[in-house]
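Colleague: Knowing the structure of chain B, use the given hints to seat chain A on it.
Each chain is listed here by its residues.
Protein chains: 2
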Amino acid sequence: MKTIRMSIIGLGGRGTWWLGELLKMEDVQITAVCDKHEDRMERGRRMCAEKYGHEVYGSTDWHDIVALDDGAEAVMITTYWNDHVKIAIAAMKRGKYAAFEVGPAQSIQQCWELVRTYEETGVPAMLMENCCYNREEMTVLNMVKKGLFGELLHCQGGYQHDLRAVADSFKDDHERAWHYLHRNAELYPTHELGPIMTYLDINYGNRLMSLNAMATKSRGLNKYLREKCDGHPMADADFRLGDIITTTIRCANGETIVLTHDTSSPRPYSRGGRVQGTTGIWMEDLHGLHIEGRTKGEVWEPMADYWEEFEHPLWKKSRATEYTGGHGGMDWLVMRAFLNAVRNRIQTPIDVYDSATMMAVAILSEESIAEGCATKSIPDFTDGMWMKREDGPKSIFSLHEVDETLFAGDVEF
Amino acid sequence: MKTIRMSIIGLGGRGTWWLGELLKMEDVQITAVCDKHEDRMERGRRMCAEKYGHEVYGSTDWHDIVALDDGAEAVMITTYWNDHVKIAIAAMKRGKYAAFEVGPAQSIQQCWELVRTYEETGVPAMLMENCCYNREEMTVLNMVKKGLFGELLHCQGGYQHDLRAVADSFKDDHERAWHYLHRNAELYPTHELGPIMTYLDINYGNRLMSLNAMATKSRGLNKYLREKCDGHPMADADFRLGDIITTTIRCANGETIVLTHDTSSPRPYSRGGRVQGTTGIWMEDLHGLHIEGRTKGEVWEPMADYWEEFEHPLWKKSRATEYTGGHGGMDWLVMRAFLNAVRNRIQTPIDVYDSATMMAVAILSEESIAEGCATKSIPDFTDGMWMKREDGPKSIFSLHEVDETLFAGDVEF
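So the protein lines, in turn, are chains B and A.
According to this note's numbering, the first sequence is numbered sequentially starting from 244.
According to this note's numbering, the second sequence is numbered sequentially starting from 244.
One or more of the hints may lead you astray.
Because identical chains cannot be distinguished in the list, a pair is counted as satisfied if it fits within a single copy or across any two copies.
Derived pair list, reagent style SDA-like, types lysine to any residue, alpha-carbon separation capped at 25 Å [what the hints assert, rightly or not]:
hint, residue 1, residue 2
1, Lys336, Arg407
2, Lys279, Ile332
3, Lys389, Thr259
4, Lys460, Gly515
5, Lys389, Trp543
6, Lys539, Glu527
7, Lys560, Trp421
8, Lys388, Glu316
9, Lys389, Pro476
10, Lys471, Glu293
11, Lys460, Thr522
12, Lys460, Pro622
13, Lys294, Arg514
Source of the hints: derived by calculation from the structure; they are not laboratory data.
This is chain B alone, in the form it adopts within the complex (with noise of 0.2 Å):
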């Protein structure tokens, strides 16, 4: 099995997680490790050298970490949103395979040039959405591709997370306070949108055409501020983030999505995941089913009873191992589709068309919402390639069949 040598770059609390998760697996070798901060470019150098044995390289720069002619055949990218698609970019000139946290665009220009770089190098990249990996939209996946909804007409999902506790840590340079001060925008939306453009064939026969998005007033981080933080510097900030973000889209085959950005008031967390069509619907806070011709009568069924029909392959498979790692295994499930396509150099699952549709819904919500929810066109980044282009065997995007190379790795669990 051939090790893949690799690097990362930021090294906050998701990529000192990432990197301990790389350092697991023994077709990995990280080659180097970035952060602007030294503390924690020397913690992740620490990390590295008690796994290896010796030491690797570190800078505080990530020009050097790009630029570096060690062998690295990728590059993990866990740094500021502003920075993925610009690394990623720098990457790819390289010949670097580039995986990226999720995050928006800052532009929708980023978003071409992402796609022009992967076109004129021929090198991929991937926007690690983890949540096209989760067990039940997964799972809801192999439903809709075996046509148990029939024809889709409709999808919902949201990013409803109550973190106003993260805003006591809120100051000048974090990263989340300055996003929330300054953009009223749908700025998150690829944890519900990844499941679902998998489920429509976005980019695969279908494209998302138009978007129009809504704001509520901003009201769930002043109030925690003021009452639970005594004395904080930004009680009385002008967050200009709406407290709840409602974006609807319209796709080129009929179907519509809603999206939902809920993450500064008290709610329990839900990605509030629907699927439905002309057959039957599934929603994620029931974790139930309705679907014509097997549940009896105007009812919900329990997810449950469809696990052992249903779940996707991929999670039959994963599970037997009895790994979960980070966020219920889809982390790790997202983490080895992306070391497949590096090791095989063919392309990633999700490739620079879909992450840069996703991440592109966050500029045109923003917009939308300036321009009093104005139908927004959502750009065509495939220039016309989505109406005839074969089903990727290897996309998740059109994921008919398991692909079993994703789980060639002789991994430790």
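Modeller: What follows is chain A alone, placed relative to chain B:
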């Protein structure tokens, strides 16, 4: 107890059911019945004769009933949607309180005419939105007014009702067939929008500002008629109504609303209610609440745990009578509320401004869809009065206190 004399126009299924209910009320005297179909009108007359032991007037022309000088103080209108406002206006001009069943307006102009007729005649009219009086919605209203959710941010609701079987009886003069064939719109918003307007004090210090609507493709009715109704003449008809319509509304005070119209797909019935504020959330599909300071942990609490403390006093009193009536009791409550207004010559709890606002959403959603999910302004039918309007103690739209007079009738259960 003074008897209220009233007539009823439109004796299809719903009208005939209402006639039966009204005949049970000892403080109501039906003076005349009307349906354009003579057989239905005569059936209505027989129902009255059985109860009263004497004949009542009948006509197949609603103009006759409205013009009748029979001492009737009110008219109940249960005709096709297209005729609701037209007949209501004619009745108001004759000094008769008008109650009309739910349904969309046919033009914005018609909504204005309803409002102006009230302002010119002083005679109230009421859209009989029964869901405003449903047990769970009224209890949520009570929670809202008691501040359980804090400052409101976002509400959702839907008319999610698999009505495909109705298509079997579609023919040229079938009302739903007309609308489904010709209109791509949020045709039936009031069951969810009515209660939401009560939560948000719409037309009492707040108002609906603008909306955007988006439709899916149309599949369900053709599929159903082809597969389930052999040789049906409308099997290949071009139904313009999208299977699922999503409407987003922004309010003057910064809250947002999402409405869903979903009647042509297999699914369990749900109005999909959701109310979210700075301190809590209610979800109807879960019959669950999460209230900061009450709920322990990041979980949903069952609504059942809140009934005792928060059930709306009107419902506590109503249930004590062990009366259930139509649709779980809400039909009875909405009618008693209307009759109370007639008896006391006061404003109806849902007035012409509220009725026009609710009905206008259908028209504007149609325009929005036709214009590519364009932003449509919602008229202020109060001509600015909403800003300084006092809470109407008789209005369910600003119901802080129980109005005991709603239950003053010596009613036979």
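Colleague: The structure should be examined with respect to each hint, and the outcome stated for every one.
Modeller: Here's how the hints hold up against the structure:
1. For a Cα distance limit of 25 Å, the shortest separation of Lys336 from Arg407 qualifies neither inside one copy, at 39 Å, nor across copies, at 56 Å.
2. For the homomeric pair Lys279 and Ile332, the shortest alpha-carbon distance inside one copy (19 Å) is at most 25 Å, but the shortest distance between copies (72 Å) is not.
3. In this assembly of identical chains, Lys389 and Thr259 lie within 25 Å of each other by CA distance neither inside one copy nor across copies; the values are 39 Å within and 46 Å between.
4. In the homo-oligomer, the alpha carbons of Lys460 and Gly515 lie at most 25 Å apart both inside one protomer (21 Å) and across protomers (23 Å), since each shortest distance falls under that limit.
5. For a Cα distance limit of 25 Å, the shortest separation of Lys389 from Trp543 inside one copy, 20 Å, qualifies, whereas the shortest one across copies, 33 Å, does not.
6. Taking CA atoms no more than 25 Å apart as the test, Lys539 paired with Glu527 passes in both settings, with 20 Å inside one copy and 22 Å between copies.
7. In this assembly of identical chains, Lys560 and Trp421 lie within 25 Å of each other by CA distance neither inside one copy nor across copies; the values are 41 Å within and 52 Å between.
8. With identical chains, the CA atoms of Lys388 and Glu316 are never at most 25 Å apart, being 33 Å at best within one copy and 60 Å at best between copies.
9. Neither within a single protomer nor between protomers do Lys389 and Pro476 lie at most 25 Å apart by alpha-carbon distance, with minima of 54 Å and 32 Å respectively.
10. Taking the shortest Cα distances, Lys471 and Glu293 never come within 25 Å of each other, neither inside one copy (40 Å) nor across copies (68 Å).
11. Only between protomers do Lys460 and Thr522 lie at most 25 Å apart by alpha-carbon distance; the minimum there is 15 Å, versus 38 Å within a single protomer.
12. Proximity of Lys460 to Pro622 under the C-alpha cut-off of 25 Å is restricted to the inter-copy arrangement: shortest distance 21 Å between copies versus 29 Å within a copy.
13. Taking the shortest alpha-carbon separations for Lys294 and Arg514, neither the intra-copy value of 36 Å nor the inter-copy value of 56 Å comes in at or below 25 Å.
Checked against the numbered hints above, the structure violates hints 1, 3, 7, 8, 9, 10, 13; every other hint is satisfied.
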